[in-house]
Amino acid sequence: MTHDDEVLGKAYDARLMRRLLTYLYPYRGRVTLAASAIVGHSILELAPPYLTKVVIDTYIPSGDLSGLGFIATIFLLTLSGSFALEYLQTWTLQILGQRIMFDMRMQVISHLQRLDLRFYDRNPVGRLMTRVTTDVDVLNELFTSGVVSVFGDLFTLVGIMGVLIWMDWRLALVAFSVLPLIALITQWFRSNVRESYRTVRTWIARINAYLQERITGMTTVHLFRREARDYATFDEIDRQHRDANVRSIFFYAVFYPAIELVSAVAVALILWVGGGWVINNSLTLGSLVAFVMYAQRFFRPIMDMSEKFNVLQGAMASSERIFALLDTPVEITSEPAKAGPHDRGIPEPAEAGPHDRAIPQPAKAGTSPGVVGAGFSRLSGPAAIAFEHVTFSYVEGEPVLRDVSFRVEPGQRVGIVGATGAGKTTIVSLLLRFYDVQGGRITIDGVDIREMDLTTLRALFGLVLQDVHLFSGTIAGNIRLGHEAISDESVRRAAAAVHADVFIDRLPQGLATPVAERGATLSVGQKQLLSFARALAFDPRVLILDEATSSVDTETELLIRDALKVVMDGRTTMAIAHRLSTIQGMDRILVMHKGQLRESGTHQELLAARGIYHRLYQLQFQSAASEKPATSTA
Amino acid sequence: MLKYRRAFATGFLCVIATAAVALAGPWVLKYAIDDLGRGVDSATIGFYAGAIVALAAVGGLFRFVMRRIIVGASRDIEYDLRNDFFAHLQRLDLAYFQRHRTGDLMSRATSDLSAVRMMIGPAVMYSATTGLMFVVGIILMVSINPRLTLFALVPLPFVSLSVGYFGAVIHRRFERIQEQLAEISAITQETLSGVRVVRAYRQEPFEISRFRLANEEYVRRNRGLIQVLGIYQPSMGYLMGIGALLVLWLGSREVVAGRMTVGELVAFNSYLMMLSWPMIAFGWVTNLLQRGMASWKRMLEVFDTPPAITDADATDEIGDAAQIRGRIELRHLTFAYGDTLVLDDISAVLPAGTTTAIVGATGSGKSTLLHLLARLHNPPPGTVFIDGVDIRHIPLAVLRGAIGMVPQEPFLFGATIAENVAFGARGDSDNRARVEEAAAIARLDKDAAGFPKGYDTVIGERGITLSGGQKQRTAIARALMIDPRVLVLDDAMSAVDTYTEEEILSRLSAVMRQRTTIIVSHRISTVRSADQILVLADGRIVERGTHDQLVARGGAYAALHQKQLLEEELAAS
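If you're matching them up, the sequences are chains A and B in order.
Residue numbering for the first sequence follows my numbering, starting at 440 and increasing by one per position.
Residue numbering for the second sequence follows my numbering, starting at 5 and increasing by one per position.
Careful: at least some of the hints might be erroneous.
As the list claims (entries may be wrong) - The list that follows gives simulated cross-link-like pairs (lysine-lysine, DSBU-like), each with its CA atoms no further than 35 Å apart: (1) A/K1033 <-> B/K567; (2) B/K450 <-> A/K1033; (3) B/K7 <-> B/K301; (4) B/K7 <-> A/K747.
In case anyone wonders, no lab produced these hints; they're calculated from the structure.
Whenever a hint applies, use it, and build me the whole structure from the sequences.
Here's what the structure looks like:
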């Protein structure tokens, strides 16, 4: 288990900070308001000690009771103003934090929706979820309590220093004499806390990853009686996390009392030196009292700021990770491909020259016949697909497809067979531009798919995958997905066409029955029927079946095949299958072997050729063949 | 939590000491200022200054110990709670995890737990300090001037009133925020793990808008909390400020009237400030407490869910998986998920060492039957027996240790291939040899040879780097590895190509001879050699017998067989 994403950078990074501040820009009005409220609040907070000084030095010796009432009124006004400003500050800042958090979450999720599948291959879902939830939350703290309160604290500090110098610069210097000590202690604290914070973060990430995996795989844990050993592993991670935390407590436990001690030293110095001056009348008693009061207030912001330091550091780490995600370039976009059709040594850009960019889809959109209630634009009729010398590898140096070329005519039904790892699924992934080819090109109706709008391209296909992914929501919602344009009637028709209605009708609420997370309450076969219905409801020009019938029992498979005959009508179909029976009725069968297209032809032609296909065929049916005499008599 | 009584007791002693020392400070100040007013020598002042520093040093020491003990204990408790939470999850059954989303459980184990931790540690520490300082501080203030104390404390009832009122509101609103955060996590998880479907069906805008709705709701709920916090926090400062105002105003009148010294006024003021700070912090502490309680409630929902499947009925008839011979009997087994009847009066005997195949349409109850056998769901009492013992009487560990289950969609872990294969293996002495043996039977050996680090290749999260067939074969090896008495293959080779399946089946046949085997498959070729074949339809056994018997019977199985033969003849023609 590696957690490279948990390695933290420096505590403060001006570059990151500047970028974070750009999120404030749309709300600069609010920021200004909050800043003014903070400054105003800090100034008003300075008043009470000074008012005390005035009372002690002026009104008490003179016994002026009305003067005391005057001071009390000012005090009350100060308090009220301070209340109003603090309210304003809290409200503005927290709402600001929420808005920024909202913006950032939307930005992250939107970017995730565009990122290439290669990115998903490298990054486990758990890690990406942390970006969207925890990391953004940490940043929120930065905006609400961190940055801005540091600003307020700094202002209070400067304010107090100013007042002290103004009241008596000699005594102010005495009070400031402890500042170097403060700087030393803070420095010690910061460097230690940074390190321990880093360790804590690493362990918490491990806890999360482990929990996530074990919760999802709990059934497997149960079946293999791993409870005790998994518990021991978890206990170990949990313990490490605790120990790292306990180590960091030490630094806090030293830091706070140390600052208080220094604060006491400052008060003692003021009392000792200032007291001497009071005795020889070069300082008033009221000033001394005010000094002591200011000194007591002086150290609170310092402690506050150190507390915020953690928030700041956490935010830096989180923002670095979020920005890294946002900065991950999307390679597969709708923009015209960087690699034009003229490079990469493609023999002859036959019918698709660099001039006919995207398909002129808007012209015919919606007007085309045969679109069942779908509001998305697409051309009608089956599409022609061509792979031209396509080369691809997931990992450099391990080619999955090597120089694969074939054509699928409009309306043709093509089956793709081959052993596990022959590259069948990759063909589909490339066709939908989940990945881009590394050599050669793929065209649809003569246009390089890299020059087509991504949405237009993908709207051509109806995809049925081996692993069916269901979303929480209803059965109907899983068929139409987000396309509200697909009517209830179309949903019902699609379900009926693949015979999914049989089991759906048996569910308590029919199509409106809620689906548990990942369709946990449905069987694999039922899920597959649903994904068939889904593909049909979208009425695609090209139907793609990726080993889609492998988990359906023979009876259901026959029903589906029956339905597919209707469905495939008027579409181009590409079907990947292990069961040769699924695809032998196809117009053409492509036989993949070790990343190369080795054979191509109809079932009969391929059998006659006595090649790989023939061998696969023999293997699949050899055991059943011996049964023949029995049935012929029956 | 009881085991931390001692730590908390010591911690509280330190709290008392800290408070006592802190309260002594203003007292010194009082004498110093009064003496200054009268005029004294600088040596006395020096003594006072020294006393202040000494008090701070002693106080700091106690503070250090207090923090280490109490916050340390809260970390210990967090650790215990997290372990308990995990252990409890491990005891919950399949049905529970079908009802609860992973993201939701995760947020209970992480953010809720940390809110609880804050409640136990810092919140407890601060409220103890605050409470104590408060009581002693008031006593000292009374001793200086009872009348002034009365005035200074005028705002106090308002403080406690608003703490009570706002506290309840904050609690409610925070609870709703946490729920929404869990919702956001769940949506994220769903949309990210279904990325291929989302892309293929161009659901990006829809998914983004779905997320936006949840996100907007989250902000809306937060806004509700902020409304309260915005008033609550400043009002604490305001109320305490009123107290300070009264002290300064009325106190100085007392000084003018000669009923009080300036030193006493300053000390009084210091006490009030010492009290006001904890009082303001009190708002923050209530916030922590409320959040902690809200989160604790959410954690309790999990803790209070009794495990549905336990060893409660276990007897010692069978105490060891090795004792099991593997004769399985089903007696009038009826089972329903809620109102949906899945299995209806199933009776069958699977003699030890034989192979039974189960054939049936999608949704006919095959997988449920297998789940009941391993008690992933609980069968009703007196319906499922192994070696004549009701499986509810067999300890879970023994029962599951005897069953090697290969599910339709195997779950693999983000570890090495060898670790995944050895997932259920006991003892690790000669693991590697056994892993390779099991892998060879499952025909995983040639794949492993092709991986960069062989069996030590780490497969991604959930085996993301493996193909469907490789995952299934890894799962087969994993089941063989525990040397089960009962081997269950639940359509376990659907993604394996035919050639490889042939190989696996032939290698398995040697292994199967010594075990009770249950095979679910849609392929006649896979099930034909079974000793007995059960045909399931709508949760009932509609036919049973050997392949030949069933074919001769001319029922559903024969029809299925016929269909597959027809295909084959069609192909051969």
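Going down the list of hints, with the structure as the test:
Restraint check for A/K1033 and B/K567: satisfied, since their Cα atoms lie roughly 32 Å apart, inside the 35 Å limit. Distance restraint check for B/K450 and A/K1033: the Cα-Cα separation of roughly 14 Å lies within the 35 Å cut-off, and the hinted pair is therefore satisfied. The straight-line distance between the Cα atoms of B/K7 and B/K301 is roughly 22 Å, inside the 35 Å bound, and the hint therefore holds. Distance hint between B/K7 and A/K747 is fulfilled; the C-alpha atoms sit about 33 Å from each other, no more than 35 Å.
When the structure is compared with the earlier hints, no violation turns up for any of them.
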